[in-house]
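So the protein sequences, as listed, match chains B and F. Okay, so the first sequence: first residue is 1 according to the working numbering, each after it adds one. Okay, so the second sequence: first residue is 1 according to the working numbering, each after it adds one.
These aren't lab readings, by the way, just hints derived from the structure by calculation. Cβ coordinates follow ideal geometry from the N, Cα and C atoms, glycine included. A hint or two may mislead.
The following label-pair restraints were derived from C-beta to C-beta distances [what the hints assert, rightly or not]:
#: 1; chain 1: F; residue 1: A120; chain 2: B; residue 2: T2; range: 49 to 57 Å
#: 2; chain 1: F; residue 1: K108; chain 2: B; residue 2: N66; range: 25 to 33 Å
#: 3; chain 1: F; residue 1: L106; chain 2: B; residue 2: G30; range: 31 to 39 Å
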Amino acid sequence: MTAAREMPIASNGDVVLVRQYVRGVAVEMGLSLVDQTKVVTAASELARNALVYAGGGAVRVETVENGRRRGVRLTFSDEGPGIPDVDRAMTDGWSSGTGLGLGLSGSRRLVDEFDLESAPGKGTVVTVTKWGR
Amino acid sequence: MERVPILKIGDILIVSIQVDLEDQSVLTLQEDLAEAVVKHAARGVIIDISVVEIVDSFIGRMLATIAGMSRMLDAQTVVVGMRPAVAITLVELGLNLGGVRTALNLEKGIALLDHVRSAAR
Ligand SMILES: Nc1ncnc2c1ncn2[C@@H]1O[C@H](COP(=O)(O)OP(=O)(O)OP(=O)(O)O)[C@@H](O)[C@H]1O
Ligand SMILES: [Mg+2]
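The task is simple: from the sequences and hints, build the whole structure.
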């Protein structure tokens, strides 16, 4: 299995690289085309959030196994301002800026497991997992 | 940064997105298209996304913005060739492309523009 990889998110170009790498790992884990598309879309949203709201961060891309199931796990972390009201940020359509407010809430629907930890002033960690069927 | 070429056929502009675009390129395309619509007095814009593997909220917003902007400049936009996996993902993401006309392929997109224009006459 592919070793875990840590990738920087410091520019728009890095967001593209993250999308492409996640696609490759999802293919390798045998995810269906629809599931690949979902996890890559979630990765794009979460990487952009780290870039836009925290000025950058990193993602750890790893493969996971549970019995015969295989999947991909992504851990996005940044040391930005954090999210003061997580419930509000997770609401469809809520954006502190001019976004559509769908990145976090939409990503949660696109993956199987979603965990968000954030503390004001400390940063944000979002972990998502997508399993093959 | 990639710059997406804009083709002109009659009074229709055609854009085919061939590579995974970074956000800055998406914004540049939006501006280039607005200028091209005015410069060529285009009546229709077709955006071919048949090789695009994901549409996230950023690209989705671009499609809606281009549609709205060209409407204001007296042109119609049709997005063609969306992959089924992309459509499924967009719905689940919650993105509503309500104001954006779509067609299954380029040919149907051109036919749709012709239809819209003859109806408007
Ligand atoms: N990594 C982060 N650090 C700090 N704040 C964040 C982070 N990610 C999200 N947020 C906050 O949560 C809000 C909601 O994020 P979400 O991605 O759902 O929407 P958006 O980025 O505003 O718009 P969209 O992603 O639809 O273009 C953001 O507006 C921002 O205030
Ligand atoms: Mg976002």
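Hint check:
no.	hint	in the structure
1	A120/F x T2/B: 49 to 57 Å	holds (54 Å)
2	K108/F x N66/B: 25 to 33 Å	violated (44 Å)
3	L106/F x G30/B: 31 to 39 Å	holds (33 Å)
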